[in-house]
Amino acid sequence: MNAHAEVTETDRAPGSHRSGGDRLKSYTIGLGLAVLLTAASFAASSSSFVWGPSIPVLLAVLAIAQMGVHLVFFLHISTAADSTNNILALAFGIFVTGLVIFGSMIIISNLNHNMMPTDQLMDMHTQR
Amino acid sequence: MNTIVDVVSEETPTGVPLSERGPAQARVVTGFGFWLFLLSDIIIFSALFAAYAVLGGQTNDGPSAIELFDKRHVLLETSCLLASSFTCGMMMIATDRREAALTYCWALVTAVLGILFLCLEFSEFVHMVHQGAGPTRSAFLSSFFTLVGTHGAHVTAGIAWLAIMMAQVGTLGFRPMVVRRILCFSLFWHALDIVWIGVFTVVYLGAYS
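Listed in order, the protein sequences are those of chains A and B.
Those letters in the first sequence? Residues 54 to 181, per this note's numbering, in order.
Those letters in the second sequence? Residues 14 to 222, per this note's numbering, in order.
All clues given are correct.
Incomplete in silico selection of chain B near chain A, CB under 7 Å: (1) Gly44; (2) Ile55; (3) Ile56; (4) Ser59; (5) Ile106; (6) Leu196; (7) Tyr221.
These are calculated hints, taken from the structure and not from any lab test.
Beta carbons: idealized from backbone N, C-alpha and C, even for Gly.
Next comes chain B alone, as it looks inside the complex:
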């Protein structure tokens, strides 16, 4: 009997059995639910990656990947997104300390870097369409524009979400509800950066090797 009690108290530091602890905190439940959403979002991207992997070589005598992509341009885009992921982390630290001014500052830097990324991506798309390499040119380009465009759409939605969160910090203050939403936003933003690692490796660098 004694040993059983020992095992229970070892697994649960305060000695309260799992069945008597009641529901988990809202922060944990919300975070886990959003984590599940992010994983399902990544599965959507996996389907688009699969399409690109299958169709990447089907250029229909049009321009191929290596002729179209500029590596320095992609490196710049990658730097923007990576830096914005870091500043998003800084924003989370400021939020947890309930420092409104710092939160606004880091959110602004995050949003500016995100917008810079979108501008770079948009200019690349425009350049490609002017070259006659639009999404209708070949199966390769259709899958390219779908994959990279979906990622860009997610970044756009993320920036809009960030703006809304800052408005909520301004009007509602750091309520638990608002802080939970900011946590979800930071998860979303970091997940987008993880998807971008796949994009620049498979789409851009994969073209050179």
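Extracted from the complex, chain A is given alone in its bound form:
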């Protein structure tokens, strides 16, 4: 029975940290990195320092990096064996999110491309 009481966790709830001591450190590092990345993306959005057309890509990279920082330091999602379930669910969530966003964008831009220009469409209506 003793062995059962001493079982170390094989699953970890998201948000709960393994040991209590270094949580403050984790939140502080997370806040520092998040502030840096936020400041960087606000600065990058209107800077002439970066080549214009590359700014959206830079913003996307900074945003994804900051989301990663929040997941690791605030939500305490890790790749450790005890949070496999959390990571698998997260991977599926990211997959569906990507499918919905980029799928919609591709489909609609394709439809836009195949659409007849509005003035020609109006002409067809008036001729009928």
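Position chain B against the provided structure of chain A, taking the given hints into account.
Leaving out everything else, chain B in the frame of chain A:
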């Protein structure tokens, strides 16, 4: 035979096979279930982001994104939400140490920052509607108000939830059930901050680049 036993004991530190450990702790099950809810919530937001990405340019000769948004205002909103995410973490540490007074303090700071964020957002909405840029003006503005408004509604619900949790700490104390609920709240609050990263990048900063 020996090697098999070794492999089992290596994967399970105490030597108890996975099949004999019984159900996981309630804290783990609750946390995982709430994590699944959060991911499905993020999928709702992904649909709204997709709508904004598709309709963002359809201004119908009305005001466009770059004419409407004030970057300093957004930076202030972002700071509020980021700081409240941090204070929410501080509240979790206080909760795990069962320090009621500290928990109340950090919860109050978290709620005040959240309310400040909502006030800033609301004043922005009012300003836009007065400018004639309400949600009915164009497809761009409809998708903008839906996306940012849904996030604001989540923040409002979060603040109400936080108030209820503090009332439960006051009346029930730090029961395991109450602590689990506070853990779920902190997950919710951090997830809202992650959604806001997407909002300020795609909606506000995306308009300038």
